[in-house]
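Since each chain sits alone in its own frame, please combine them into the complex, following the hints.
The listed protein sequences correspond, in order, to chains P and W. Taking this note's numbering as reference, the numbering of the first sequence is continuous, increasing by one, and the terminal residue is 543. Taking this note's numbering as reference, the numbering of the second sequence is continuous, increasing by one, and the terminal residue is 337.
Please note that a few of the clues may not be correct.
Unchecked claim - Pair ranges (Cβ atoms, derived):
1. P/Thr-18 x W/Ile-96: 56 to 64 Å
2. W/Thr-284 x P/Gln-228: 20 to 28 Å
3. W/Arg-92 x P/Thr-18: 39 to 47 Å
4. W/Arg-71 x P/Gly-502: 20 to 28 Å
5. W/Asp-77 x P/Gln-539: 15 to 23 Å
6. P/Asn-238 x W/Gly-305: 33 to 41 Å
Simulated from the structure, these hints should not be mistaken for lab results. Think of the CB as a built atom: it goes at the ideal place given N, C-alpha and C, for glycine as much as any other residue.
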Amino acid sequence: MATRSEALAPTWKEGSVTSWLTTVDHKRIGILYIVTSFLFFGAAGVMALLMRIQLSHSNAGFLTKGAYNEVVTMHGTAMVFLFVVPVLAGFGNYLVPLMIGAKDMAFPRLNAASYWLFLLGGLVLLSSFLADQGGAQCGWTSYTPCSSEQFSPGHGQDLWILGVHLTGISSILSSINFLVTIHNMRAPGMTWMRIPLFTWAIEAYSVLLVLVLPTIAAAATLLLLDRQAGTTFFAPENGGPILWQHMFWFFGHPEVYIMVLPAMGIISEVIPVFSRKPIFGYKAVAFSTIGIAFASMLVWAHHMFTVGMPTYLQAFFAATSLAVAVPTSVKIFNWLATLWRGHLIFRAPLMFALGFIGLFTIGGLTGIMLAVFPFDYQAQDSYFVVAHMHYVLFGGTVFGVFSGVYYWFPKITGRMYNERLAQIHFWLLFLGFNLAFLPQHLLGLMGMQRRIYTYTQGGIFEWYNVVSSIGALLMGVAMLVFLWNAVTSWRTGRRVGPDPWGADTLEWYADSPPAPHNFDRVPYVTSARPLRDLRLRLQERGT
Amino acid sequence: MAAKLTAAVPVALVLALSGAGPILAAPGGIGPPSPETPSGEAISRLYWIVLGLCGIVFVLVETALILFIVRFRRRRDTPESAEGPQIHGNTRLEIIWTAIPAIILAALAIFTFTQIPAVQAQAVADEEHLTVGVEAHQFYWEYRYPNGEITVNTLYLPVDEPVELRLTGMDVIHSWWVPALTGKMDAIPGRINTLRFVPESTGDFEGKCAELCGVQHAFMPTTVTVMDRDGYESALAAQQEPLALGKATWEGACATCHGLDGQGDVGPSIAGNGTLTNPEGLRTLLLNGQNTSQFDYYMPPVGRGWPPRQFEALMAYIKSSETLSTAPAPTTTGGGG
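Only chain W is shown next, with the shape it has when bound in the complex (with noise of 0.2 Å):
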């Protein structure tokens, strides 16, 4: 037996290396994403340090592992009733390996603490920034921009200007994670989080929902776009037309669950459903949510919060859409929403 686990031993090890090769080479490597933002870098900083730290101590303890088991096996001429040296302790040698590794942890906690101004950005509350609300919703994000603008899972962001980001849930949880701009925050409703960075490098952030938050928990994505001031100010402006708040509201809000045309995925084909086109109906039903035992899922009250303007920009596109505002064959009757 202690030789075939000698022999496994090397073998392993083998695996293990020849494992790691491709797995450094391997785009993102063992590390985070590499950082577009300075709190983002100062997060990706204290993982390498901590990383080293906690692997030095990998290495050391399987090391020992896997020497003594290698050294202290026994041999096939010791019977197995034979004692090993009756060693009780050490105290001296116990204090030791208590006081060492309670030295490094304080030492890390304190490092860790002077790298919070840098990782959650402290100083853009002090400086001129742009303040943008982000809505969370089962299951889209809704972001609200100083003058009144709304952009619906894409966030547009000026580069080089500081941002704080005010996240509220307006159902239940959900979790706002760009992992190349900086750490997650939460969105919980009853409440304003806070989440500061400074966007550098123009380009296209994915994002996705991290917190449970129901049965399309795993395609709430969110875009942040990053460009320049000009292309900022122009995007943001194209997006309040209403046809296009009112594209952006549908794919967000009633897709996810009803399909792009309407045709029906968790939840049921709305495609030419009168209450579409019918104004009050379909607002009360978009602030309310229903849960009707015909289907399997509750609709969520996906239009909690919603200024007038995207009410309408909402019912604007239903309308220019022949697919949607359309009845079909009187054969499907489609659902309540």
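So here's chain P without its partners, still in its complex pose (with noise of 0.2 Å):
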């Protein structure tokens, strides 16, 4: 069956640079994705390293103080823009169609745009430490007046500017195709109650995208127009420098969740598979995450509770943030309950699930306490949120992204990843985070301000810098043994069906690695869990 729709494909285009250049398969965009965008983590994670050694001791010059700055900002801002965001559209392209039945996205050239405007974008940015003064230095959030001509001069920070718009526009074409594969493509059956809920995850993540995307995408061209054209839309006397924070924050909170939501997808999909259980109140997590999405929306001045709002604002986004703690612990919750009376198998996509649940339960505690803003004026801009915001981040979505890569792993590359490494993968990323990030909280509640290039203090203050470091560099370590395992096992791996798990979404259905029509036929969706209705129904025949 294969063979026959890759008869109509150029025989030139076959298994070579160019097929992979000219894709415009889903499937193939997908493994784009994933791969691009963990070179872009394998760089943004070397920039962690050097800030890190950098701070491991006081009074250090391995870093000058341009550069320091120049890191902490292409940190950021790379791992949010060519990490999180699109390994996660990675995983979409490659999981939604699969999920719903369909043989690929609504517009797949469209999509194949999507991933080329991302690399290119990528390289912008990243080109941005070539420029003359030095790359951007105002950190991924680019307050102005410091992002603005007079105080960040040179081409940095113009780099900066286009390779977000890239990335935007990159992302605002792949959620739009997202939404109308979602919408319209999905397999006979298969309603809005029955669908994976890692698919729910990429609905919201999109919707999210679609609507706060234009917002940084209109600030980044004011502040270019402001750089280069020399208008005054940020301009002091205009009140300039709050109303970039404002635009900001109104795209960069909801980019939070939607870094979170599709991360919380995938271990929704995992834990169910590996308790050898459902997902316990289907509806419940599914609404949750519309009812996070939208009230991600109205939270985004906790970001701003130092600039001087009225206390009756600060107040209102007080009240908001804390709401969003509701919906966010439902989730919490229904995992728990799932695993409650399952049969766990420990191995690696759960182990990174559990993980996933430990440490994001620690970063919500703290966005609680972030979100109480008189404490806020404490820890605002400290390592306590540096700490904060990677428990998030890291603990919750690295986390979860390792648990799908693990899982679909067999499904991707038609090969079992080595499980030994995987766990020992784990052990050493659960470690080494915990000992990077657990003694930030420390250091901020100390009074250690974010974005430092160095610190005079010794003694205790020093040392807690020094476990991080000796964390941060445990971290590197995981990342070598999880690199060597996915390159030794994608080659030589033990080679497994269309269904290594027992799970229950589609693409389970489709070969391992699919083909390129992903299905010969769909089954009539009937559940939330087609492929265990199957398997009932291959078992009650006797087969």
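Shown next as structure tokens:
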């Protein structure tokens, strides 16, 4: 069957580099997205290590002052725009059509355009380092007037703006593609209450991106005009510094949920399969996704509690920020209830999913603390915030991403990863992560402000930094173990059939790896777990 | 695998607990620095309450997680394909665990709102209070007192007297943070923010800039010196002597980048540079800053907002210093600023 559709493509496209350059197949584009974003992940991770080396002892001179600010800016920007968002787009690309029983995305060429824009945007962003007078230096938030022409001369900041623009256009295109695909191309019988929870998460991810990305695009355009055309949108006398922050965070806070919701979707797939139970409260998990997405658009100014907002506004944003914790805790309780009385199989996907629950809980709780804005007056812009944000985005999202990588590795490559290396990866990463970021809460309380290139304090203050740097190093080692595992298993891992896990959703009905057209036929979907239904039917027939 | 994991859990717990001991015993412990003002105390109180609340939730969730991991791991005699009980949900339970967090968080929000007047020291506005202007520059703090006194990087305050800071940024956004006194407040160009508190103990309190403001963000310290009324008045008066003000201005505005003796650091070496002893040239440079491709970094307009008296004080200080005002051996050209 597979050969028939392949025969339609010119032979020069097969198996060659050209075939990857010209592909419009959602699976290949998904792989390109995932691999490319992991390369950027590596680059941004090396930047993090450079910072931790610089901060490993007081008065260090490893990075120059300007270089530190460039690295701190690019680490944040690259992790957000070049790793987390696109790697989730990669998962969405690969999985959504398979999960809903479609042959491809709704607009395959647009899909390819999204990927190439993302790659271009990434290269433009990183080229900021090459600009004379250095790369962008005002943090991933690029607050004005720091990022204005006067205080950031040279083209580093301009390249940052253009890079953010290109990746933004890429994300908007791919989000529209996801929405049209999910709304129109579901298999017969797959009602909204039967689509996989990961697909629900990609729906919410896409809606949020379409709603908020235009805001950062507009803000970045105005900043570019200010810098290059002499306009004064963000001039201080016009209230520009606050305007930028409102526009940035109107995008920037939903962006956090854009980065977290699909990871929550991943572990909502993994936990049931490795507990041998259905998800506890499918509707609650699905609706809490929508609830979080909605509420996430009403909380942006909790990043601005110290800019001198009127007290009633601070109270409003504190209340909405606390409210987000409700649907979030619903998810945590539902995952725990899914584990309850299950037969837990401790393979890497479940390990990382459990790590997500344990670590994300910490990040969520410190989020509640920060929403109580009098405390935020102390913690804002300190390492407490750095720790909080990494518990959410690394302990949460990145652990979720690794859960997904191991879970779908056999589907994508047709081979099983090395379980032993994966377990080593998990424990090294778990240990390293907590060593790196737990002490940062205490550093923040002791008064260490974020984005400083060095400090003069010794004693316990320096020791916490030492521990944090050791943790970061361990995380780096863990990543090497992962890289080795991924590369060797992709080449020589044990071959597996369509459904090595005994999973529930349609992507496991296709071959591993799936044929270019995904399915020869799609079974009529009668529940949220079509593959389990199929297994049960086969068992009844005694085959 | 399961057996190994079960063994790892207690090991991890023991490690975590043994780590907790020294952390709790360490200076600062697990709380913010001990507050020296009523508003700082209000923040601290709130911190401990919300930490306790979150701590309880943390222990409950993580305990459940670990218990489930241990209790519901697949037994060796259970085949991998064996299913657990097919429980699809329980509406009543789910409503309960939606409602309970909602109620707790609503209570927390309301309690937080009741603390706002204390945290923001709102009463200070209605009392007789000292008002000090705070002008944040790249990379120093300039303080302006009611009678026109100026200090640089050190803020003098009389003990037990309510104070209102009126903060603004002179170039980019900075954030004034003296953890022992109260929370931070941003100093933003184009607007004036207000921060109120009542210092209740004498002493020196260290502070810093909390908002990334450029290449020397890490070195923008400030000290708040709280003294009795007499000490405050005489210290402030002593700072107004031209040489004292000039020295403080040099150390805050110039030396952060050019070094104490003008030997150069982030900025070029300027000791003995002709501009230093040229009043008009220096004034223009300090007011406008400059950006030339000759140096890695631009020079910010550090003299924005200075009264003539401060320019003159700086000139006087430079003149009084032989290293700064005497041209060095002709080989070194120095920089433009």
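Hint by hint, which ones does this structure get wrong, listed from lowest number up?
3 and 6
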